[in-house]
Each structure stands twice: as structure tokens, then as C-alpha cells.
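Chain by chain, the residues run as shown.
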Amino acid sequence: MAHLSLTNVGKTYGGSAQAAVADVNIEIRDGEFIVLVGPSGCGKSTLLRMVAGLETITQGEIRIGERLVNQLDPAERDIAMVFQNYALYPHMSVRDNMAYGLKNRGESKAVIEERVAEAARMLELRPYLNRKPRALSGGQRQRVAMGRAIVRQPSAFLFDEPLSNLDAKLRVSMRMEIRKLQKRLGTTSLYVTHDQLEAMTLADRLVVLNGGRVEQIGAPLEVYRAPASTFVASFIGAPAMSLLDANVENGQVMLDGHALAPVAHEAGPVTLGLRAEDLRITPGGVPMRVDYVEELGAQRIVHGFVGEQALAIIDTSEAPLPETVHLGVAPSRVHLFDARTGRRIETASQPVAVPAE
Amino acid sequence: MIATRLRKGGSRSLDRLFPLILLPVALIALGPVLRLLLEGVGLGDGLTSEHLTTVLTREGTRTALLHSLVTAGGGTLISILIGASFAFLVALTDIRGKGALVFCLMVPMMIPPQITALAWMQVTGPSSVLLKMLGLAPPLGSPQPLHSPQGIVLLLGIQHASLVFLTLRAGLRMIPADLVEAARMCGGGTLRVWAQVVLPLSMPALIAGAAMAFVTALGNFGIPAMLGIPARYSTLPTLIYQRLVGLGPSVLPEVAVLSLLIGLVAIAGVLAGRVVLSRGGFGLVGLSGTPLAFSLGRARLPVEIALWAFIAMILVLPLLALLATSLIPAYGVPLSFETATFKAWHEALLVQPVTRRAYANSLFLAVAAALILMAICLPLAWLMERRPSRITRLLDGLIDLPYALPGVVLSIACILTFTRLPFTDLTLYGTIWIILMAYLARFFVVMLRPIQSSLAQLDPAMEEAAASVGARLGRRLRAIVLPLAAPSAAAGAILVFLTAVNELTVSALLWSSGTETLGVVIFNLEDSGETVMASALAMSITCLIIALMAAVQLGARHFPKGTIPWQS
Ligand SMILES: Nc1ncnc2c1ncn2[C@@H]1O[C@H](COP(=O)(O)OP(=O)(O)OP(=O)(O)O)[C@@H](O)[C@H]1O
Ligand SMILES: [Mg+2]
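Sequences listed follow chains U and Z, in order. Positions in the first sequence are counted from 1; adding 249 to them yields my numbering. Positions in the second sequence are counted from 1; adding 1 to them yields my numbering.
Hints listed in this document are in silico derivations from the structure and should not be mistaken for laboratory results. Fair warning: this is a prediction, and the values are worked out from it, not measured in the lab. Heads up, the beta-carbon is just placed ideally off N, CA and C, and yes, glycines get one too. Heads up, a few of these hints could be off.
The calculated label-pair distances, taken between Cβ atoms and stated as ranges, are [as the list claims (entries may be wrong)]:
1) U:Glu-373 x Z:Leu-192: 51 to 61 Å
2) U:Glu-373 x Z:Ile-22: 51 to 61 Å
3) U:Gly-460 x Z:Arg-299: 43 to 53 Å
4) U:Glu-363 x Z:Leu-192: 23 to 33 Å
5) Z:Ser-513 x U:Ala-384: 53 to 63 Å
6) U:Arg-354 x Z:Pro-146: 48 to 58 Å
7) U:Ala-547 x Z:Ser-390: 52 to 62 Å
Covered, in the sense of this in silico footprint (three residues per stretch, anywhere, with C-beta under 8 Å from a C-beta of chain Z), are these stretches of chain U [said to hold, decoys possible]:
8) 327 to 338
9) 533 to 542
Work out the full structure, taking the sequences as your base and the hints as a guide.
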């Protein structure tokens with residue numbers, strides 16, 4: 250168990266001018282579950298692999314506990330990693346796969362036996378201990394990979410998209426298992442995914458990466474409620490937040506010439522962010538042409554246009570919809586972003602983000 | 002409706018005719034092997050096992066078998082050493098110039114073995130022109146060190162190293178990088194990771210490659226003939242050759258047994274390799290995109306230098322020695338600016354009727370084999386791919402046999418089959434046609450496999466689209482299948498040409514005066530002491546082969562993946 254700290258960490262691959270990761274600062278507390286999330290190619294794996302010691306660190310410092318690990322070998326960092334493709338040794342049985350790390354460390358036979366048995370019990374792998382990995386299902390392989398990490402009792406777990414090879418249903422159940430296991434063991438974890446739902450459900454805190462840089466760090470709800478940029482806004486939450494060109498006039502945010510909500514911001518163009526689940530169909534308000542409707546059963550997503558800009562709202566009624574509906578939104582649920590930089594504009598009517606403890 | 006009826010009507014006649022090509026294919030490719038099997042049990046003299054027992058209990062047979070096993074085994078060990086080192090370094094590390102390195106490693110295998118032997122004999126021994134130039138030659142009268150089992154083992158090892166290399170490299174590329182990363186995180190030091198992860202995972206490929214090298218070394222005739230016969234050291238192929246050449250067709254039943262013996266050992270080797278590959282295929286689960294790769298860091302340059310130095314030793318040095326010998330006016334004369342002459346080249350290429358005839362024969366045989374095989378294999382491959390039946394699958398499984406079996410085995414089989422054509426009084430023995438028949442049987446797979454692989458990659462939908470607009474089968478084949486399969490057919494044809502033009506083993510047993518091939522003439526020239534002319538002829542063939550290989554290499558982009566053996 251240990252805390253992890255990344256200070257100004259950066260990485261530029263040899264032969265490439267652009268940094269794959271730049272200026273990352275994260276303080277990870279002991280026992281915390283941190284999820285790195287971002288679109289493909291944003292540098293998540295690179296960052297994780299630098300912590301693991303599989304990539305050299307070209308900038309900054311990484312500490313595990315009090316130890317500076319920049320120059321340490323992967324084996325000396327006392328961390329365990331679960332790979333996307335599991336990386337199980339195909340020529341070894343499940344038992345030997347799990348025991349491999351302990352044997353290398355020279356643990357006694359009794360200790361190895363006990364730890365493997367314990368992990369097999371926790372992960373319900375006991376019937377498969379003598380099988381080779383090729384005779385296991387995808388979910389079981391995933392569990393063996395977890396078991397291999399657990400038995401070493403490392404000070405941190407690293408996960409690189411461990412669930413991306415599983416089907417949707419299995420992914421949901423494995424997600425819960427991983428979280429429960431991590432809570433029980435209390436081991437500091439760094440988890441990479443590009444699935445925002447996985448990120449939201451697993452994380453104590455999210456780190457949203459974009460183009461190798463940190464866009465925002467925060468608890469899932471905090472990031473959801475107060476996205477720090479249009480990038481985060483469109484990435485976190487489903488359906489994605491609608492981002493529209495709007496204007497502030499006379500203390501009102503104006504959409505397509507109609508007043509939507511009062512805001513405390515100086516007049517001028519802004520980017521307006523609206524979550525589908527925050528919008529309501531009201532008798533008066535901004536008119537929206539209905540384009541098409543996605544029925545989900547409990548609710549429906551109504552897609553339409555305000556002026557020329559696309560927008561989605563979630564509606565829970567079942568009544569047939571007219572061609573044009575009118576929208577309303579609580580002033581506290583209006584997100585404003587700088588039209589030029591895309592950074593969030595804090596306004597008085599918005600809730601103050603509660604810092605995650 | 003109309004379109005489907007049209008299509009059916011149009012293709013019916015061709016569809017019915019097509020399977021007819023299976024018959025000659027089966028006869029040519031498998032007939033001789035079958036005939037040989039029958040000979041083993043005494044066809045002609047009534048069923049008897051008399052030949053079997055007399056031949057197998059003879060002292061000479063056992064010695065030759067032992068020699069064959071020893072040289073092939075020793076050669077395989079050397080092949081493993083060379084091939085595996087190159088495979089690990091080329092497949093797993095960041096050394097530069099891999100393409101050129103691999104090309105150079107492939108050259109020894111493409112050069113005919115008797116030329117390899119001839120070239121190495123010019124490096125060592127008392128009359129080595131190269132050593133004399135450097136003043137390092139051993140005194141006259143001292144023995145040629147390569148005329149020994151050790152010499153045979155060494156050259157067999159070098160000749161077949163690329164077989165181990167190619168198989169192992171393909172296997173190593175399948176190992177995902179994250180396996181090694183996982184092992185490193187689990188505290189495996191570099192040595193441990195190698196011993197516990199990389200080595201076990203590459204073992205099946207290594208063993209399969211070794212089995213292939215062993216079988217090929219077992220069937221090699223050129224090297225043990227050039228190095229072993231002067232030292233009175235017989236292997237099975239040279240024993241067969243010596244008996245047949247010395248005693249004539251009367252010993253056929255006896256050498257048939259010998260060739261069955263060597264065929265059996267070869268098949269055992271092939272099967273062992275297959276079993277290991279199929280059992281050892283660990284089913285590498287969840288392959289990741291990134292194959293394994295190590296950075297050599299500061300060791301890179303020294304490693305590169307070592308590899309190139311090695312290539313220089315096994316390829317450049319012998320070829321230089323060969324070149325030097327080909328430039329002297331007479332054997333024994335040292336080479337200098339004053340003595341250097343192209344007399345032997347002139348003599349070999351332009352004056353001597355035998356060598357000119359051999360060039361004509363070999364080129365004719367190689368071209369004819371390539372063209373005929375191309376004509377047969379295109380429709381055959383299509384048939385196997387699109388209209389598979391039990392017969393085509395059986396043929397597919399057996400067609401490897403004439404190529405995998407040692408050349409002597411096939412030669413004996415061909416002599417048995419074609420000396421008196423069944424049901425007629427005609428004989429092909431002593432004509433060039435028997436050699437052509439043997440080449441057709443032997444190189445069938447060399448042509449068939451590339452075409453098959455390119456047809457397998459071809460989307461049947463394209464043909465169906467053409468059929469739906471009413472294109473008949475013949476038209477479809479010409480307009481769609483042929484153009485798309487053409488590059489691989491061309492690659493196959495070049496490979497057949499390359500292998501056939503420098504073939505020795507088969508033709509050594511099948512030639513007669515007037516039908517000698519290049520391989521035979523080099524062998525005969527050296528045998529009768531015309532080393533200088535043999536060197537000139539060998540050098541000219543080597544240049545031809547390297548030029549052809551380079552042409553294939555340059556056209557590599559146009560060939561489908563996997564058709565050129567040294568690329569993948
Ligand atoms: N070995 C390498 N050499 C050069 N550039 C690399 C290397 N590995 C990754 N990159 C680059 O670094 C950037 C980040 O890659 P990384 O693998 O960390 O992305 P990722 O966020 O994990 O994406 P994904 O979700 O697709 O796995 C990419 O632009 C990639 O092209
Ligand atoms: Mg990644």
C-alpha cells in the first residue's frame with residue numbers, strides 16, 4: 250500500500266517531435282482508485298506504462314510511496330499490472346501463471362501455495378488451477394490475470410483497459426468485481442479506459458486526458474456537474490452534452506434569439522452546454538424542431554434542431570410529440586464555456602464544485 | 002432467374018471438364034512414388050521380401066545410413082546455431098538493414114550445394130588460390146580438410162540454416178510483447194525471461210525448423226558427393242548414386258530399397274516436426290498488436306558488425322575464392338594481375354560444347370517446368386479452392402510428398418516408372434523428358450502453394466458478381482481470376498525456375514550423354530580435375546541466381562504476402 254505521485258511527468262517518443270504525454274501532475278492517495286480516461290491515442294497507456302517502468306520517463310518524477318522510481322526496473326517498483334490482452338503465459342498452467350512472480354521473488358513454497366489458494370478462492374478460479382490459459386473463457390482469463398496481480402500483494406495495481414476484450418454483459422459484472430476486490434484489498438489503483446461509463450462507475454477520481462495533457466481531475470460527479478472544458482463536457486456523460494453557439498445579452502443566455510436562462514456573465518458570444526437529462530419540455534421557452542426520437546423504454550431521447558444547431562433532450566412522458574416542442578432548463582444546470590478557448594466559465598448561478606475528499 | 006440459368010448452362014461443360022486435370026496431376030506427381038513403394042515389395046519378381054532383407058542386412062547399407070544420420074544430424078545442429086541466432090536477432094531486436102541481412106542469409110540455400118562445396122574447397126586446402134595469394138596455403142600434398150565428415154557437416158549446416166531461420170522467425174513474430182512485459186514486472190531478470198518465457202514459446206517453431214533442415218540435409222546429394230566421395234565416406238544418397246552409376250539398371254531393385262529407407266527416415270523427420278508444431282501450438286491467447294521487440298542499445302553496432310562479418314565468412318569468402326580460382330589460367334598457377342585471365346570463362350561459356358549444351362538443357366528444363374506447372378496449377382488451384390472435394394483434399398495433402406522426399410528417392414521412382422512406360426514399349430530413360438517429368442513432380446508444390454494462397458485471399462464475391470451479369474466460367478477465369486492470381490503465379494514460376502536451373506540430385510541420376518544439366522556438368526568437371534573451368538561455370542550460375550533473386554526481391558511489392566520464401 251502506498252501513495253503515488255506524478256510530478257510534471259512527460260514523455261516524447263524517440264523520433265517524434267510531439268510529446269505523447271506532457272506536464273501531468275497527479276497525487277494519488279493510498280488506497281485510491283484513479284481512472285485515466287480519454288479518447289484513443291491520448292496517451293493513457295503511455296502514462297500507465299511509465300508508472301509501470303515499461304517506458305522510460307523523459308520528463309518529471311514519479312514516486313511510489315516515498316521512493317523516486319524513475320530509474321528503477323519494473324520488477325523493483327513493487328507494482329502489478331493487468332494487461333488488455335491478459336498476457337497470460339500460454340505454456341504455464343493457471344497455477345503457475347499466478348505463482349510465477351512469487352517464485353521469481355524467491356518466496357517459500359508454503360507462502361506461494363497459500364497466496365495462490367487465497368486468490369483462487371476470491372476469484373472463483375479453484376476448478377481451473379491446472380488448466381492452460383487456452384482452455385479458459387475470456388472472463389476466466391481475465392480473472393487469472395487479476396489473480397496474478399493479487400498474489401504479489403503489490404503496493405499498487407495498474408490496469409490497461411482490462412475489460413475491453415469482454416462482451417458487454419461480462420464487462421459490467423467484471424467491473425463490479427474489480428471494484429469490490431479493490432475496496433476489500435485497499436490497494437492503490439490506476440486504471441485506464443476509454444469507456445466513460447466504466448470510468449464513472451469505477452473511479453474515486455477521474456483524470457481526463459486529451460492529447461497527452463490533463464484536462465480535468467475530479468470525482469466522477471464533480472466532473473459530470475462541472476466539466477472544465479468543452480472537451481470534458483462532450484466526453485463525460487451519455488448522451489453527450491450538446492454544445493451550442495449562444496450569446497449572453499442583458500444577463501440572459503440567448504439561443505437562436507430566444508432567452509433560455511439568466512446568467513451572471515458579461516455580454517458576448519459563448520459556447521452553451523446543455524445535458525439532455527437537464528432539459529425539460531415546457532409550455533413556453535426556446536422552440537425546437539423535432540427530428541427523430543429514440544425510444545429507450547423508461548425514457549426517450551428526442552433529437553431536434555434549435556435554429557441550425559442539433560440538440561438532444563430526455564423526455565419521460567409517453568404522449569405523442571408535436572413537430573415543435575419548447576425547452577426549459579434550470580439556471581443552475583446551464584454550462585457556459587469560453588467560445589474561443591473552450592474553458593469553463595464559472596457563473597454565480599452554478600453550483601460550486603464540492604472538492605472530493 | 003434467366004441469369005442463373007444462363008450461368009449454369011454456360012459453366013456446366015467446363016465444370017465437368019475441369020476435374021479431368023486431376024488425373025494427370027495425380028499420375029505425374031504421385032505415380033512414381035507409388036511405383037517405388039511397389040518395387041520395395043518386389044513387384045516384377047513376384048511378391049518377395051528378398052531384396053529388402055539382402056540390402057538391409059548388408060554392411061555398406063548400415064554404414065551409409067549411419068553416415069547419413071550423423072552428417073544430417075550434425076548439419077542440423079549447425080543450422081540451428083546459425084539460423085536461431087539470426088532469427089532471434091532479426092525478429093526481436095532493432096538492428097538495421099534486416100532486409101539485406103536476410104537476403105544474404107538466403108543466398109546459400111538458393112545456391113546449388115555442389116557449387117557451395119566447390120567454393121568452400123577453394124577456400125581451404127593446399128591449392129586454394131585465395132590462400133596462396135595471402136601466403137597462407139598449407140604445403141602441397143597436405144589433405145583437403147573439407148574432404149571429411151566434419152566438412153560435410155559444416156557445409157550442410159550453412160546450406161540449410163535459412164530453413165531454421167525462416168520457421169523460427171515466423172514463430173517469434175507471433176509472441177506478443179506484453180508477455181515479456183508481464184514477466185519483467187513479475188521480477189524476471191533478462192535471463193529468466195528468456196529461459197522461462199521466450200525460449201519455451203519459440204521452441205515449437207525451432208523444432209519444426211530443425212526437422213525441416215534435417216530432412217533436407219538427409220536428402221542432400223551435392224555436398225556429400227563432392228566432399229564425401231573423395232574421402233570414401235558414403236551417405237545413402239551417394240551410395241545410391243555410386244551403385245547405380247557403377248552397375249547400371251540391374252541394381253534398380255536394390256537401390257529402390259535404399260531409397261525407400263532414406264524416404265522413411267525423411268518422412269519420420271517431417272512427421273516429428275508436424276507433431277511438435279501442432280501440439281506445441283500453445284494457442285497464444287489474445288494476441289496483442291505489438292510483437293515482441295528488444296532494443297539493443299549500445300550493443301547494436303557490435304552485433305551488427307558481428308552478423309555482417311559472419312555473412313562475409315559464409316557467403317563472400319567462398320564466392321571470392323571461387324572467383325579467384327575461375328580467373329587463373331591453369332590449376333596451381335597463383336593469381337596476380339599478370340596471370341588473371343577470363344580464359345576459363347570463355348572456354349566454359351562459349352567454347353566447350355558440353356557446358357553450352359548443359360546451359361541449354363538446364364534453361365530449357367527450368368523454363369518448360371515453370372510454364373507447364375503454371376498452366377496446370379492455375380486451374381488446379383482454382384478447382385481446389387472453389388470446388389473442394391475429397392479427391393482435391395487428398396491431393397492437397399499428398400502433393401508435398403515428391404518435394405519433401407529426398408531427390409534421390411524421386412529419381413529412382415522416376416526411373417522405375419518411366420523406363421518402360423506402362424502398357425507401351427516406349428521408354429523415356431536416357432531422354433531429357435524423364436528429367437522434365439521428375440521436375441514436374443518435384444516442383445509441383447513450389448508452384449501450387451503461392452497460387453493457392455492468392456486465390457484464398459480472393460473474394461469469391463467478385464466472381465459471383467461477374468457471374469450475375471452473365472459472364473461464363475471460362476470468361477470469368479480469364480477476366481477476373483487470372484489477372485489477380487498472375488503475380489503469385491509469376492512468383493511461383495520464378496521460384497520453380499530458380500530451383501530447377503541449379504538442380505543436381507535428380508538430374509545426377511537421370512542424365513545421359515547429351516542431356517546433362519548444369520549441376521551435372523559442374524560435378525563432372527570437378528570430378529575430372531577441371532577445377533578452374535568448373536569454378537568459372539559455377540560462378541556464372543551463381544551470378545545468374547543472385548540476379549534472379551534480386552529481381553524477385555525488387556518485384557516483392559507486387560507479389561502477395563507469403564509467396565517469396567525469404568519474406569513475410
Ligand atoms: N512506441 C511508440 N513510438 C512512437 N509513438 C508512440 C509509441 N507508442 C505510442 N505512441 C504515440 O503516443 C500517443 C499515445 O499513445 P497511447 O498508446 O498512450 O494511447 P492510448 O491513449 O493508450 O490509446 P488507446 O486508447 O488507443 O489505447 C499516440 O499518438 C501514439 O501514436
Ligand atoms: Mg492504450
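May I ask which of the numbered hints given earlier this structure violates, with the numbers listed in increasing order? 1, 3, 9
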